[in-house]
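Dock chain G against chain X, hints included.
Number of protein chains: 2
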Amino acid sequence: MKAGILSIGTELLMGKTVNTNATYLSKEMAELGIGVYYHYTIGDNPGRIKKALNDLLNTCDIIVTTGGLGPTLDDITKEIIADTLNLKMILDERSLSIIKERFVMFNRAMPESNVRQAYFPEGSIILDNEKGTAPACIIEIKERNKCIVVLPGPPREMSYLYETYVKAYLKMKNVTKMHSVYLSVYDYGESAVEEKLLDLIAEQTNPTVATYAGDGKVLLRVTASGEDEQNNIDAVNHFVRTIKERIGNYIVSEKGDDIDKAVFDLLIEKGLKIALVESCTGGKLTSALIKHSGASEVVDCGLITYSNDAKVREVNVSRDTLQMFGAVSHQTCYEMVKGLVAKTGADIGISVTGIAGPCGGTTEKPVGLVYIGISIGGEIYTFENKFSGDRDLIQNRTVYKALKILYDYLSKM
Amino acid sequence: MKAGILSIGTELLMGKTVNTNATYLSKEMAELGIGVYYHYTIGDNPGRIKKALNDLLNTCDIIVTTGGLGPTLDDITKEIIADTLNLKMILDERSLSIIKERFVMFNRAMPESNVRQAYFPEGSIILDNEKGTAPACIIEIKERNKCIVVLPGPPREMSYLYETYVKAYLKMKNVTKMHSVYLSVYDYGESAVEEKLLDLIAEQTNPTVATYAGDGKVLLRVTASGEDEQNNIDAVNHFVRTIKERIGNYIVSEKGDDIDKAVFDLLIEKGLKIALVESCTGGKLTSALIKHSGASEVVDCGLITYSNDAKVREVNVSRDTLQMFGAVSHQTCYEMVKGLVAKTGADIGISVTGIAGPCGGTTEKPVGLVYIGISIGGEIYTFENKFSGDRDLIQNRTVYKALKILYDYLSKM
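These protein sequence lines are chains X and G, in that order.
Taking this note's numbering, the leading residue of the first sequence gets 1, the next gets one more, and so forth.
Taking this note's numbering, the leading residue of the second sequence gets 1, the next gets one more, and so forth.
For reference, chain X alone in the conformation it holds in the complex (with noise of 0.2 angstroms):
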């Protein structure tokens, strides 16, 4: 099955709004097998609209489009839907009392332009909307065995009724049944991922394998597909299992799940107490952490010990160790982790020290050397990486080295 992704909105082609919708449905229905093989980007304008729409049934089974559900009268996606399929708009009771019940529900009176909002082109499948007070639709072709699913733009309505209703509606027109596992590695390149891996990359048919990378992980989706369901679970079984052989030490999550919630997950599950003491990462490394809801169970602090003084108020380093071997040593990220661990009485305790430039750096201690230290199990450990990259990819790449440290010496606890 081909599909086509219309965006409908003049704040797209003003530069105001990323269009991570077409991004996200694309990613989503190569899940479901289902080819993606156009976006289009159209402002709120009729005759440009449904040119676009007529351009996509021409080639694609299944056109999704976003946006221009709005009350407003610039929003206009299902009355060139309508107009283009020859049907007529016809006002559905139901979806019209529930957004009436969302105004009250807020405590406003419904404007009346928002009736608009419950005008569908006839024979529509109606998705209600939870999460905003458009409903989407989907209208079938039946003559031609096409259909347009119609969703709102703000990326958050968008999703949930993609996750709802969509995806189901589209996996069962799609007859073949898929199964997919989702692997997060880390600490190791789409490129280098892809060497170890191209055998299998290079022969798949069924599972097939895809890389998405992004934020420091590379995300490797496994999919298999077929009438048998358990065949499917057992064929990417089998193919995960291979992939583990070869990539294993870099996979921290058989879920999809980032490298912080690995660590977080870990940290939970062991019961375990962490502290950490950061310098060129700024407090990125804790707000990784931190970022996750019940973060007070696993969390004492972080120090954010910038300049040298705080280095030693805050975690005792000593002045001579500065002194002699400089802010950003193997000596000072000991003694910084150290004195933290001591200082808190954390069970784990982090240290980061290094050089995330774009100055400071020298021939010795260039920008990108950073320490870091890691206390666990009454046992300290230091580690030397040369990071590239600008400031803020210096900063990630730390964070991400750091998270997969931790993991390694969480896992194997």
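Just so you know, these hints were derived from the structure itself, not from any lab.
This structure is a prediction, so every number in the text was calculated from the model and none was measured.
Ideal placement from N, C-alpha and C gives every residue a C-beta, glycine not left out.
Do not take every clue at face value.
To be verified - Below, in silico cross-link-like pairs of lysine to aspartate or glutamate (EDC-like), each with a Cα-Cα straight-line distance of 16 angstroms or less: (1) X:K16 x G:E194; (2) G:K273 x X:E28; (3) G:K16 x X:E28; (4) G:K131 x G:E93; (5) X:K27 x G:E11.
Said to hold, decoys possible - Reference listing, derived: stretches of chain G covered by chain X, where coverage requires no fewer than 3 residues with Cβ under 8 angstroms from a Cβ of chain X: (6) 17 to 27; (7) 389 to 403.
Claimed, not checked - Example chain X residues on the side facing chain G (calculated, C-beta under 10 angstroms, incomplete): (8) A52; (9) G132; (10) L266; (11) S279; (12) Q323.
For chain G alone, coordinates are given in the frame of chain X:
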């Protein structure tokens, strides 16, 4: 002038990559007064690229393509354009020698396939790419008064080439001169801004004003166009003065800077040292300052006192205060910043304590309740805030609010 953006790359259609290029180019071209009417995204397929190109040539004066300039066989953008316009592909010796030099510089042998990157449709204006191996080009279709701007896909290379060459080229094509100023608004929502400027937005012809919302900021772009450059500058300045009369308290930069940069610059300018103590924001506030190069001149330390123990141990909050008023209270917030400044001797102290949720809220102290304290010039002030949203959003809103408080005090010093 009408423009269309054609993004080429199967990875975009698989949902591997968000199309930030289209957003960037749309925003940039809007600033030049060029209306972008279409975004098309197409995979690495000759037939579909050619059809999209012809569609856009029929309706647009300027077409910008991104992607498909790499050395591999599926990189076919220039070939398809040449084919569509009946142009020969010609080897550009100068480009070839630049590409070869790049490989020498990185100590690598140039694969034969990279020679393809030095071929261009005949008559192309060639744009050197200092950020990668793929040179870009502009193809002018003089008889139709149209042009195709051909840029590489990686955003860093694309934006470099746009900024360095394409912007000036498009400005030159556009006989009208333009002048723009960017105002950064914080602590005031987009719809509130629009309401305050309703008449200016409604009546706008020249200068025009556009709003861009994102990451706690509303960016206002004020643009005047006309033959006389001084007139444009005067017209923009006059418009900016009117805007500042209405919402001046919320404007933190007239260069479009983010608030963390504005605060950082004020600290540098005034030669002040800051210390921070955070609870619910978990390090995000400190890292917003430390992300800037030269942070060691202004940041002494950040303490993330997530647990009650840490609040007592690190910044000397009394156990009685925690017992009587709780960790999320004016009193604790006050003692946090007081203890912080006493300990560090920093010129300015900031404290944050709140409930980021989703758990931990009560009727009296709901999720989103956040106290922010500032110690400055020997005085301490604390502020109560109620933020809505999920955990991530409440953390971010707290960071922006704390930075706004800092900005307000610092700019009055």
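> Checked against the structure, which of the hints given earlier come out wrong?
Replying inline: 2, 4, 9, 10, 12
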